[in-house]
Amino acid sequence: MIFKFALRNLVRFPWRTLLYAFIIFFIIVAMTASFFVWNACEVASDTLHEDYMFVASLVKRVPQGVPLSEVFKCLEHEKVTAFNVTLSDFNYTEYATNAALPTGKILTDGMIDKKEGEVPKVTFQDYACEIYGVENLALVYPFFSGECRIREGSIFTRKGYSGEIAEILIPWYVADAYDIEVGDVIYRRYWRIVGSPGYLYMPTTVVGIYESSKSVSDRSAYPAYIPLSIAEMDYAEVSSVYHTTVEDFTVDRADFVLESRDDFESFVRFASAAEVDFQSANIVFNNSTYDVLVSELNNVNMIALLVLGIVFVVGLGIFIFFTVYLCHSRAKERVLLSSLGMKRIHIHGMIALELCIVIVCSVLLGLGVGQVTASKVCGFINDTVLARASVSEEIQEINSAEDFEITMPLEKNMKIQLFAKDADISENTIALHKIETLQENEIGVSKQRLYFYQTTAELNQYKYPEMEPVEEYEAKIKRDRAPFDFIGISDMSYFELTDLYDDIPENAICCYVSEDSPFVDEEIIFVFRYNVGDCIYNDMYASEISKAFYLHDISFAITGTYKPNEYVSGNDVIMSLEDYYRIFAKLSITDDEHYFKRIGEIYIKEETE
Amino acid sequence: MTILDLKNLSYDYITKAGAVHALKEATASFETGKVYAIVGRSGSGKSTLMSLMAGLDVPKNGELSYLETSFSALDRDKFRREHIGMIFQSYYLLPQLTALENVELSLELAKYKGDRRKRAEEMLSLVGIQKEQFKKRSTQFSGGEQQRIAIARAIATDPEIILADEPTGNLDNENSMNVVGILVDLAHRYDKCVIIITHAAEVAERADVILKMNDGILQAESQR
Chain A
1 MIFKFALRNL VRFPWRTLLY AFIIFFIIVA MTASFFVWNA CEVASDTLHE DYMFVASLVK
61 RVPQGVPLSE VFKCLEHEKV TAFNVTLSDF NYTEYATNAA LPTGKILTDG MIDKKEGEVP
121 KVTFQDYACE IYGVENLALV YPFFSGECRI REGSIFTRKG YSGEIAEILI PWYVADAYDI
181 EVGDVIYRRY WRIVGSPGYL YMPTTVVGIY ESSKSVSDRS AYPAYIPLSI AEMDYAEVSS
241 VYHTTVEDFT VDRADFVLES RDDFESFVRF ASAAEVDFQS ANIVFNNSTY DVLVSELNNV
301 NMIALLVLGI VFVVGLGIFI FFTVYLCHSR AKERVLLSSL GMKRIHIHGM IALELCIVIV
361 CSVLLGLGVG QVTASKVCGF INDTVLARAS VSEEIQEINS AEDFEITMPL EKNMKIQLFA
421 KDADISENTI ALHKIETLQE NEIGVSKQRL YFYQTTAELN QYKYPEMEPV EEYEAKIKRD
481 RAPFDFIGIS DMSYFELTDL YDDIPENAIC CYVSEDSPFV DEEIIFVFRY NVGDCIYNDM
541 YASEISKAFY LHDISFAITG TYKPNEYVSG NDVIMSLEDY YRIFAKLSIT DDEHYFKRIG
601 EIYIKEETE
Chain B
1 MTILDLKNLS YDYITKAGAV HALKEATASF ETGKVYAIVG RSGSGKSTLM SLMAGLDVPK
61 NGELSYLETS FSALDRDKFR REHIGMIFQS YYLLPQLTAL ENVELSLELA KYKGDRRKRA
121 EEMLSLVGIQ KEQFKKRSTQ FSGGEQQRIA IARAIATDPE IILADEPTGN LDNENSMNVV
181 GILVDLAHRY DKCVIIITHA AEVAERADVI LKMNDGILQA ESQR
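Sequence lines, in order, name chains A and B. Take the first sequence: its letters are residues 1 to 609, numbered as in this note's numbering. Take the second sequence: its letters are residues 1 to 224, numbered as in this note's numbering.
Just so you know, these hints were derived from the structure itself, not from any lab. Just to be clear, a hint being listed does not mean it is correct.
In silico DSS-like links for lysine-lysine, alpha-carbon gap of 30 Å or less [as the list claims (entries may be wrong)]:
| id | chain 1 | residue 1 | chain 2 | residue 2 |
| --- | --- | --- | --- | --- |
| 1 | B | K131 | A | K79 |
| 2 | A | K79 | B | K118 |
| 3 | B | K78 | A | K332 |
| 4 | A | K343 | A | K332 |
| 5 | B | K135 | A | K332 |
| 6 | B | K212 | A | K332 |
| 7 | B | K135 | B | K113 |
| 8 | A | K4 | B | K16 |
| 9 | A | K343 | B | K24 |
| 10 | A | K4 | B | K7 |
| 11 | A | K4 | B | K118 |
| 12 | B | K113 | A | K332 |
| 13 | A | K343 | B | K113 |
| 14 | A | K4 | B | K131 |
| 15 | B | K60 | A | K332 |
| 16 | A | K343 | B | K7 |
Chain B regions said to be covered by chain A (calculated; three or more residues, Cβ under 8 Å) [unchecked claim]:
| id | segment |
| --- | --- |
| 17 | 104-114 |
| 18 | 196-205 |
Cβ atoms here follow ideal geometry from the backbone N, Cα and C, with glycine treated the same way.
Kindly generate the complete structure, drawing on both the sequences and the hints.
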């Protein structure tokens with residue numbers, strides 16, 4: 001009966017019901033909306049703080065870049081959770097492909113199986129690959145970058161690294177060519193330069209075979225690897241290997257991911273204390289976006305909280321007032337119902353029930369509408385504040401490491417150890433990537449650093465060491481090996497290599513052109529692989545060694561390098577045609593009948609025209 | 001037959017000015033078939049007396065009995081539902097209900113077993129409300145009509161006692177006489193005990209017995 005009377009009163013007295021319901025509804029809507037907005041701001045703040053990558057970047061202030069040593073100084077900061085460096089292009093060109101390279105002196109021409117009791121069979125035609133001694137295979141750039149992976153077997157063992165066991169990791173093409181499997185014992189063959197010339201055969205166990213994920217044409221970039229300790233024991237000269245230091249490498253930029261916004265200041269203090277060279281580097285933060293977003297969120301949060309508080313206090317007052325008013329306004333009704341014999345508890349119950357129904361309906365409706373209203377505001381926050389966070393350049397850059405040409409993984413405490421070639425190598429200062437197109441009087445050639453090594457006379461002496469004392473010979477070698485800064489030879493790949501002749505030094509390779517080549521009877525180079533880039537020149541005729549000559553007096557100016565374009569790569573250099581003809585006309589296949597399109601692509605004029 | 005008996009009733013209440021002796025040693029007997037008028041100035045204790053007689057309140061001292069049964073032994077809510085019909089100066093009709101529903105309300109509360117609708121219609125007809133007006137909201141009636149509806153509601157459960165507190169206070173003379181006529185008729189024709197609290201002399205004149213209230217004292221009784 002109470003329920004019936006209550007419902008009838010609610011239905012029959014809509015103005016009172018509606019007024020009360022509207023008051024509660026609006027109070028709840030305002031409170032709900034402000035609460036959800038406040039909550040959304042809180043969540044957004046937390047999310048922003050958790051997801052935002054606080055990056056302190058060490059950026060270069062000088063063209064040479066920031067020395068890697070400065071990066072390592074900052075890396076020690078305890079709040080650095082990850083870092084990412086962008087190596088300078090120059091460094092990459094020079095070192096990346098030669099990482100972990102202890103001069104590359106060790107050569108195996110003909111990596112062969114040697115069965116017990118048999119004399120090793122050596123053939124110059126069976127060119128295998130270079131061997132590099134490495135201190136840590138994991139830090140060899142192709143493995144470090146993920147370009148190379150172990151196809152079979154494993155990397156070196158602990159004993160292998162310590163020199164107890166001679167282990168070798170060979171490239172796939174060698175394994176496939178010689179049908180070598182993991183566990184096989186192969187022999188590295190060294191040419192003994194000092195003392196009695198001859199070969200040294202070093203038994204070595206194949207522990208692994210690696211492969212490259214790239215489709216490569218130049219396999220020389222994929223040598224076999226042995227532990228450095230093995231190489232040093234086998235071949236004394238390896239001990240003179242020059243290890244580059246972190247000072248030798250520069251980065252364009254190093255990003256340090258910090259834990260929180262508060263770490264920026266401590267990072268600067270730490271960098272200052274670590275004596276980071278701020279002449280060459282500058283520290284920048286990506287805090288601006290974060291600060292703006294946090295400020296906006298705080299503002300919205302404050303407003304929402306204020307609305308929530310005000311509406312709660314005022315709304316509570318209004319609610320109490322109207323509830324009391326409604327009860328009082330029904331005093332006559334209570335008297336009447338009492339006079340009609342209705343129990344007081346029933347009368348109060350009926351009125352309470354009416355209020356409860358109104359309150360519950362209003363609250364439910366208010367919660368729904370409040371949530372919808374809040375979602376609009378929250379949507380605004382998401383669409384503006386957080387969306388802006390997600391597209392902030394700083395974050396995007398860090399999140400897309402693959403966009404960088406040369407990057408390192410975001411890992412802390414990663415030690416980088418790089419090795420470079422022999423310290424004797426001098427570097428020409430060549431303006432990088434300044435040349436857009438060729439001039440009429442210029443031509444592009446491959447950039448190859450060649451060194452004059454020895455004359456024919458010396459070669460003869462080498463063949464007959466009794467003609468000259470060894471000490472004098474070595475002194476001459478040292479003198480003559482001064483860098484020649486010989487740049488160019490447009491397309492080495494065009495020449496065929498041979499180790500046909502037994503009487504030339506083991507470390508040398510004769511280049512020749514085949515008989516059907518249009519360059520038969522042209523001069524040919526005689527390249528030493530003993531030291532990377534070493535060479536001598538000979539007047540060579542097809543398949544025949546002939547006279548040699550000095551190139552000491554030949555020099556020319558390097559104009560610069562190309563900016564990579566559809567014709568040339570960044571490794572190519574440009575030189576004047578005059579120099580080109582003076583030095584390379586006979587060596588190169590580029591002549592009146594052929595034209596140069598790009599390195600490695602020479603076309604006969606008649607064919608294309 | 002004495003239906004309601006008052007013996008030495010006293011009632012006090014507290015105001016800011018202090019204790020007020022609203023009723024002092026009131027003694028009276030009420031019989032069926034008669035109209036009683038309790039007259040007196042405002043604040044003389046008339047309404048307090050009516051409230052006690054209806055069982056809405058409890059006296060501080062003295063005793064009230066219905067058909068020789070003390071009020072203290074009664075379920076006073078049930079007593080009002082079944083034996084008392086009350087009429088107020090302000091009618092106390094529920095504005096959200098129609099005339100018919102106002103009358104039905106008392107029947108519903110009294111759990112009337114018969115046809116409530118029919119009974120309500122009869123009662124409204126009895127007090128002179130036209131049938132076509134039955135379903136009009138009570139606020140749409142004139143003062144006289146509202147009071148007649150209130151009388152219909154009061155007598156719908158066929159109570160023996162009808163208590164009317166200034167039933168003509170808000171009515172003009174014509175309507176007052178009509179209402180009083182109905183009440184007198186109820187007493188004389190239907191053998192009800194009608195107790196009217198009034199300060200209108202012309203109303204009191206229609207009563208069979210007049211009781212005077214003066215400062216909480218039920219002073220004299222004059223019988224016509």
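Verification of the supplied hints:
| no. | hint | in the structure |
| --- | --- | --- |
| 1 | B/K131 / A/K79 | 91 Å, violated |
| 2 | A/K79 / B/K118 | 89 Å, violated |
| 3 | B/K78 / A/K332 | 20 Å, holds |
| 4 | A/K343 / A/K332 | 15 Å, holds |
| 5 | B/K135 / A/K332 | 22 Å, holds |
| 6 | B/K212 / A/K332 | 27 Å, holds |
| 7 | B/K135 / B/K113 | 22 Å, holds |
| 8 | A/K4 / B/K16 | 40 Å, violated |
| 9 | A/K343 / B/K24 | 28 Å, holds |
| 10 | A/K4 / B/K7 | 41 Å, violated |
| 11 | A/K4 / B/K118 | 21 Å, holds |
| 12 | B/K113 / A/K332 | 27 Å, holds |
| 13 | A/K343 / B/K113 | 20 Å, holds |
| 14 | A/K4 / B/K131 | 26 Å, holds |
| 15 | B/K60 / A/K332 | 25 Å, holds |
| 16 | A/K343 / B/K7 | 26 Å, holds |
| 17 | 104-114 | holds (count 5) |
| 18 | 196-205 | violated (count 0) |
The earlier numbered hints that this structure contradicts are 1, 2, 8, 10, 18.
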